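Dock chain to chain to rebuild the complex, using the hints, since each chain is given by itself in its own frame.
Keeping their order, the protein sequence lines are chains A and B. Numbered per our numbering, the first sequence spans residues 181 to 439. Numbered per our numbering, the second sequence spans residues -7 to 291.
Since the hints were made in silico from the structure, they are not lab data. Treat the hints loosely; a few may be bogus.
Computed beta-carbon distance windows for the label pairs [to be verified]:
{"#": "1", "chain 1": "A", "residue 1": "V202", "chain 2": "B", "residue 2": "H152", "range": "55 to 61 Å"}
{"#": "2", "chain 1": "A", "residue 1": "T406", "chain 2": "B", "residue 2": "L31", "range": "33 to 39 Å"}
{"#": "3", "chain 1": "B", "residue 1": "G33", "chain 2": "A", "residue 2": "L395", "range": "23 to 29 Å"}
{"#": "4", "chain 1": "A", "residue 1": "F286", "chain 2": "B", "residue 2": "G85", "range": "18 to 24 Å"}
{"#": "5", "chain 1": "A", "residue 1": "V275", "chain 2": "B", "residue 2": "P282", "range": "23 to 29 Å"}
{"#": "6", "chain 1": "A", "residue 1": "F286", "chain 2": "B", "residue 2": "M190", "range": "44 to 50 Å"}
{"#": "7", "chain 1": "A", "residue 1": "T213", "chain 2": "B", "residue 2": "G33", "range": "53 to 59 Å"}
Quick caveat, the model's predicted, so the values are computed rather than measured. Built from N, CA and C at the ideal position, the CB exists for glycine as well.
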Amino acid sequence: MSWDLFIWFALSAAVCWIIGAVFAWKGRHWLVTGFTVLGLLVYAAFIVGMWLSLERPPLRTQGETRLWYSFFLPLVGIVVYGRWRYKWILSFTTVLALVFICVNLFKPEIHNKTLMPALMSPWFAPHVIVYMLSYAILGAATVMAIYLLFFHRNKTTDAEMAMTDNLVYVGLSFLTFGMLFGSLWAKEVWGTYWGWDPKETWAAITWLCYVLYILFRKARPREYRTALWLLIFAYLCLQMCWWGINYLQSARATSVHVY
Amino acid sequence: MKKGFLIGGGILLAGILLQITVGPVRWERLAFPVNLILLIGFLAVMAFMYAFRQKVRFFEWAMQLEAAVPALCYSLVLTILLGLVAQQEDGGGVPWLSQMLDFWPFVLSYAWMMVILGLAALHRLVHFRIKEIPFLLNHLGLFLALVCGALGVPDTQRLHMTTREGETQQQAEDEAGMLHEPGLAIELHDFIMEEYPMQPGLRRAMPKRFASEVTVYSRHGHKQDAVIEVNKPLKVDGWKIYQYDYDEQSGTESTVSIFELVRDPWQPFVFTGILMMLAGALSLFFFMAPRPGKKEERL
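Next up, chain B with everything else stripped away, as it sits in the complex (with noise of 0.2 Å):
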């Protein structure tokens, strides 16, 4: 296993290296069709390691628990070092560990466990035998859902539309505050607060309900009619629109609804690897888990 520790920080240190020269990992750039063509050659890479596994030692090597398992180590500490730093957006704090989803060697140290997650799953995707789909299920999940998670973050749509009652609205917010035309338009029939009643010791009435009566027209005239509150999205044309805030001022009175639209292309992708996972974790429980024989059903 030194090894795969020497190797683990190499990429820490290449890591470094880049953090210095090219400053830190910038997920927008990354945007379509940056990201399908880094996963195009990633998966090339995979498949080059792959066939030549019998002529260079190396990528023999890559695909054994040998190499699995200090990569897992290096990733795992860095996890750690993200949750013992507080993170912040404005670029403070701690130097490279208050931003450590865009510090290099976290992002490489993950890629580099990816690669090897998926030399092993390919192995037993080409000797595919019935008894491998657990392990397959855990793996492809895993891989799946981490790479399209990550390399779909730059394809993510955030906007915020505000509406009135009585008004429809067609434009939305980004981020940064840009006005955009969705493709949809919102019609606020109603926005509805409930409220638990007071309770002692309590300033405010606890929030209930959040709900919103809407007609959403979408880019091809379709018409619909429907309620959209906290944990109950709605779907339209590739968006899915959140309640996501009021007018806090008026409280139940408020007569202003804010939505947040989601539209997110990678997300079938991030979904079918979750769901493989639990499929993973069930056979993991059935299956995967090592039967104890007559000995230890005695103690």
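Bound-form chain A, shown alone (with noise of 0.2 Å):
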């Protein structure tokens, strides 16, 4: 196995997430399951394949850990899909697994770019893979807050709510096993589980804004609007954590996060 077969089995795979997505709009359970399982076969068999090739597990290059985000994705799309039948979140995991899949086509000289040493961990990709995946989920409910805040103004209904806390929830479930892989990830390779890297402080407060979202929808049921202003900001607080960072004067000099 090599990747020059990777555009024949991502293309299979594609096509099949596509398909997943689609049927999910008209609510056929079955076809749904049927295809997006496929394709995670036959993307499967690629990594598989891989593995056995380089007689070692796919993960240590740019590009070998994108081909396992774009696996992940559309398997905790169907997870999601298959606990709470949101319609929109095949589409949504099947555009981010062929974002990468596109990345590993068109700029396949990434494959051979050096990863240090630190990086070199099974946590790598588990950590990585989970924070994106949860900052999908958390986008989509900021996208939900700006919709109730902006567009549906004084129309908000329970069930609106009940689906945008639903999103952080399972947002911030994912945010959770991001950010204590990498606690356990830290204390592997630095010995310490914490240490106030400046990625690790934006981190901490992302997380606290999420966790203070569902504390205040708990105390003010009905105070809608202040809570979905707090969405918007711990959004912010979420993309300061990402890459804002790297902009940011107190932490270019000292994390070790910044790239």
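Okay, structure coming up:
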């Protein structure tokens, strides 16, 4: 197995995932599951093939980790769909998976890029993958908040708020996984769970914001607007954590996470 | 919630007064057994508050969301300041804010948040029901990880041991440069540094792997051959040995390898807390998220 064959596996998987995502809008549960799982199997076959031919798990280069992103995204998408039947979730995860597949197809030179020893860890992929997924879900919650605040003013229903809450709960659970995987990894590489590196500080801020949202919703279930504004603020903090700190004077000098 | 914000303001003020009168928080003074006594005292105060919750209205109030939300707001704002202001270990920078982790209001705001969180968890422990497990995992997990993590800081030992190929070393330096004997010796056989092929535009080849082939002799005469590398520390006698540094001048030819030895007696408790939070995050996903009714399934 080699990267030359990637395009064929990726295209077949992508077609399956797109068909699955389309059927999700039509509520055909069995077809959704069937096509998505078929796409996952095709994609998994490529990963297993790479694993065997490289004689190591394909997790070392950036390109290889993107391979896993685009595998896990539809996988988690189908799990979330199975649990909550959100019609849009598979479209969302499929588009994200396609983005990563395209990067791998059009920027293949990155496969040879070096990976510093600290990043060579089995934690690398899950840490980043679940973070990316939670960012995606919390992004959806923010879209919901903007819609309810500015385009659907004064008509917000309990049902819409329940759906927003739901997204935040799911997003926060993945955010927690990403953060704690990071701290378990940090223990393996630096000997400490938490070092208040600027990236870690902003990760904590983001996490606290979403916890605050959940507590506030329970404390004041009728005050929709304050809660929705809090979601927008939380997402700004998330952006700060994701890429904003690269431009933050206080972080540039000291963070090991600036890249 | 007004009450909560007022109390938070009071805690902030008390913290500032403490900062002015006794100076920044000195974590090193909390070394064992002070931290253990502090922990027992902390738990005792919470047990006392819980026991008298029906007599003292404030105690009852402190278990509620009405108290939790403002407390979380204060911690959040102070943490944002920590994220915005560059932190400096030498005591320079913005007064107070550049040493946020030693700033009394910061520490007290988190402690107050832990009191509220602890009381809420205690209440559910006393009135235990199966369906409270997710709540308990999230809250007790965070409590364990944060409280034990903070109290464990002064007990964490971090030593650097410099070894040379063919020699056995048993002394290691702490951060102040003092020599210690950690009770184990490391014999370095070979320091291995692999590099990626030179890439155009870069002055140096990028490192690919740092590893040391060693024999570790423990206090009880045990002998263990091992390879220690970045991301693959070795555990011996309560110490964790990390590949830390090498002779950078010599690069791949380095015959020197520096290890970091870390001993963290509170680590198992923090680890337990993290595991509980992970289980809590799973239950957040599967059990706690409000399930949308039939109406919004059409959305």
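Verification of the supplied hints:
| no. | hint | result |
| --- | --- | --- |
| 1 | A/V202 x B/H152: 55 to 61 Å | holds, 59 Å |
| 2 | A/T406 x B/L31: 33 to 39 Å | holds, 36 Å |
| 3 | B/G33 x A/L395: 23 to 29 Å | holds, 27 Å |
| 4 | A/F286 x B/G85: 18 to 24 Å | violated, 44 Å |
| 5 | A/V275 x B/P282: 23 to 29 Å | holds, 26 Å |
| 6 | A/F286 x B/M190: 44 to 50 Å | violated, 26 Å |
| 7 | A/T213 x B/G33: 53 to 59 Å | holds, 55 Å |
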